[in-house]
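A.B. asks: Position one of the sequence shown corresponds to residue 0 (numbering that gives the first Met the number 0), numbered consecutively onward.
Hints in this document: simulated from the structure, not taken from any laboratory. Given the structure is predicted, the values throughout are model-derived calculations rather than measurements. Some hints here could point you the wrong way.
Said to hold, decoys possible - Taking CB as the label site, the calculated pair distances span:
| no. | residue 1 | residue 2 | range |
| --- | --- | --- | --- |
| 1 | F51 | I7 | 18 to 24 Å |
| 2 | D54 | A14 | 33 to 39 Å |
| 3 | I7 | G53 | 19 to 25 Å |
Backbone N, C-alpha and C fix where the C-beta goes; we use that ideal spot for every residue, glycine too.
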Amino acid sequence: MPEGRICIHCQASEAEMTLRKCPICFRLVCVACAYRAMGRYFCSRSCSDVFFFGDEDAE
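Taking the hints into account, I'd like the entire structure generated from these sequences.
C.D. replies: Structure below.
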């Protein structure tokens, strides 16, 4: 049986919680564990920072 879609933080399945895909790294995170910024859901604050402020390595 293939693995279901689960939250990277709490391992809740999409049957238990609503999952969102991080727009930066594309990992799945449930709405309870997500880092929210400016109406978007991210898997972490670092992904949020990259989204809004850019990647400091990209020059």
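A.B. asks: So does I7 sit 19 to 25 Å from G53, Cβ to Cβ?
C.D. replies: With a Cβ separation near 23 Å, I7 and G53 satisfy 19 to 25 Å, so the hint holds.
A.B. asks: Please test the hint of 33 to 39 Å on the beta carbon pair from D54 and A14.
C.D. replies: holds (34 Å)
A.B. asks: Tell me if the beta carbons of F51 and I7 are separated by a distance inside 18 to 24 Å.
C.D. replies: At 21 Å between Cβs, range holds.
No hint from the list above goes unmet by this structure.
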